[in-house]
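Asker: Okay, here's what each chain looks like letter by letter:
Protein chains: 2
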Amino acid sequence: MTSQPPREAVVELLGMLGYGELLAFERMAADARLAPDLRRRAVLCEMAAAEIGNYRRLVARLGELGADPEQAMRPFAEPLQAYHDRTEPRDWLEALTKAYVGDGVADDFTREVAAFLGDRDRELVREVLHDSRYAEFAASEIRSAIGADPKLANRLSIWARRLVGEGISQAQWVAAARPALAVLVVTGSGDQEGVQTLLKRLTQAHGARMTSVGLNN
Amino acid sequence: MTSQPPREAVVELLGMLGYGELLAFERMAADARLAPDLRRRAVLCEMAAAEIGNYRRLVARLGELGADPEQAMRPFAEPLQAYHDRTEPRDWLEALTKAYVGDGVADDFTREVAAFLGDRDRELVREVLHDSRYAEFAASEIRSAIGADPKLANRLSIWARRLVGEGISQAQWVAAARPALAVLVVTGSGDQEGVQTLLKRLTQAHGARMTSVGLNN
Chain D
11 MTSQPPREAV VELLGMLGYG ELLAFERMAA DARLAPDLRR RAVLCEMAAA
61 EIGNYRRLVA RLGELGADPE QAMRPFAEPL QAYHDRTEPR DWLEALTKAY
111 VGDGVADDFT REVAAFLGDR DRELVREVLH DSRYAEFAAS EIRSAIGADP
161 KLANRLSIWA RRLVGEGISQ AQWVAAARPA LAVLVVTGSG DQEGVQTLLK
211 RLTQAHGARM TSVGLNN
Chain W
11 MTSQPPREAV VELLGMLGYG ELLAFERMAA DARLAPDLRR RAVLCEMAAA
61 EIGNYRRLVA RLGELGADPE QAMRPFAEPL QAYHDRTEPR DWLEALTKAY
111 VGDGVADDFT REVAAFLGDR DRELVREVLH DSRYAEFAAS EIRSAIGADP
161 KLANRLSIWA RRLVGEGISQ AQWVAAARPA LAVLVVTGSG DQEGVQTLLK
211 RLTQAHGARM TSVGLNN
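Residue numbers (the working numbering), protein chains in the order written: chain D, 11 to 227; chain W, 11 to 227.
Isolated chain D, as found in the complex:
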């Protein structure tokens, strides 16, 4: 994309990511108590803590763009909170599956949209994506749990589908309520067909992630 995207869309995207980081921090910190031992509990706490550094960077950039960070984030409080409220993990493996599957799709989407931004914001957004070490930790935990008890695959696959379903439902809400962001995705992708291709890529990557840990799409 050669032309710079409109400032309004950039502010909306950074506001959404910023609030997302804050909520992800709080949720992971709470989910850490589900860990079966201290080592694992600490890893989830570390995953959580990393989100806060990213939150700060997004808020700082919103300030540089002349936006009020709180105002930029507020419209996303409701859908993001609703997603988390409706997908509260009941145990450690559900918490990890949420971090692995939910954050995986969100990161893929964010990476795609980042391509439509100017250099500076594209760099920032790519840098605040989740560290792949954490996805690997979650994947290895899920994989070995399913290895030890194959019946788990069914329950966690249903859970993963619910996560994606809730995610899509809130994403649709956001797309309808924040036209600047929706327009950025459409113009960035080229046209409606481009959007379909983007969604297909997201779906395929999600499927590959599921398969790689032994979950069924």
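Rather than coming from a laboratory, the hints here were simulated on the basis of the structure.
Cβ atoms here follow ideal geometry from the backbone N, Cα and C, with glycine treated the same way.
Just to be clear, a hint being listed does not mean it is correct.
[As the list claims (entries may be wrong)] A few chain W residues that face chain D, going by a derived Cβ cut-off under 10 Å, partial list only:
| hint | residue |
| --- | --- |
| 1 | G28 |
| 2 | F35 |
| 3 | P79 |
[Said to hold, decoys possible] With beta-carbon atoms standing in for the labels, derived distance ranges:
| hint | chain 1 | residue 1 | chain 2 | residue 2 | range |
| --- | --- | --- | --- | --- | --- |
| 4 | D | G73 | W | G204 | 49 to 55 Å |
| 5 | D | A70 | W | D201 | 49 to 55 Å |
| 6 | D | P160 | W | R43 | 34 to 40 Å |
| 7 | D | S13 | W | G157 | 48 to 54 Å |
| 8 | W | E203 | D | G73 | 53 to 59 Å |
Based on these hints, arrange chain W on the given structure of chain D.
Answerer: Chain W in isolation, oriented as in the chain D frame:
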């Protein structure tokens, strides 16, 4: 103190601090939701996130000392959890008072005990003490809230006394259950009189902290 303290006492101290960091992280992350706005909520999340880096450093040092970090921390899970369970803040100002008053006393105590350690552990322990920026943030919030509504001073003073009372009660439990740590404090202070002097210094510093934000001892 010229002689090195016994390894067992050092492991107990680092274990206690490590588990304390982990719990403090989880509690502050939960308390952040009590914040009146996003900016303040994020500051508490940042305060929380800082604890996790410290946790990691303490665990690494326990490993270097040949201790199993989980085993070193486990004995402190019950008293530390009990302290937090009995002092769950009901609102933002109670949460900040807890961070300011409770962490203040704990940090002073830790700083005193650090003086009894060898160079390396003394440095580490002093470095993982709370950043004074956070105490200043909490102090300024409490001070301005009391300035705006002087009636608050009474309620928050009662709360602060309860925090200290619960803290002392758990500390006595620890002292009885972990003799190596108790002996370190006594031999480090010189004798029982030295311990009394140490407790007096802690009490005075606590009193000064209370007064400086408008709370009554």
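Asker: With reference to the structure, classify each hint as holding or not holding.
Answerer: Against the structure, the hints come out as follows:
1. G28: holds (9 Å)
2. F35: holds (6 Å)
3. P79: holds (7 Å)
4. D:G73 <-> W:G204: 49 to 55 Å: Holds, at about 51 Å.
5. D:A70 <-> W:D201: 49 to 55 Å: holds (53 Å)
6. D:P160 <-> W:R43: 34 to 40 Å: Cβ of D:P160 to Cβ of W:R43: about 38 Å, so the range 34 to 40 Å holds.
7. D:S13 <-> W:G157: 48 to 54 Å: Check passed, 51 Å falls within 48 to 54 Å.
8. W:E203 <-> D:G73: 53 to 59 Å: About 55 Å separates the Cβ atoms of W:E203 and D:G73, which means 53 to 59 Å holds.
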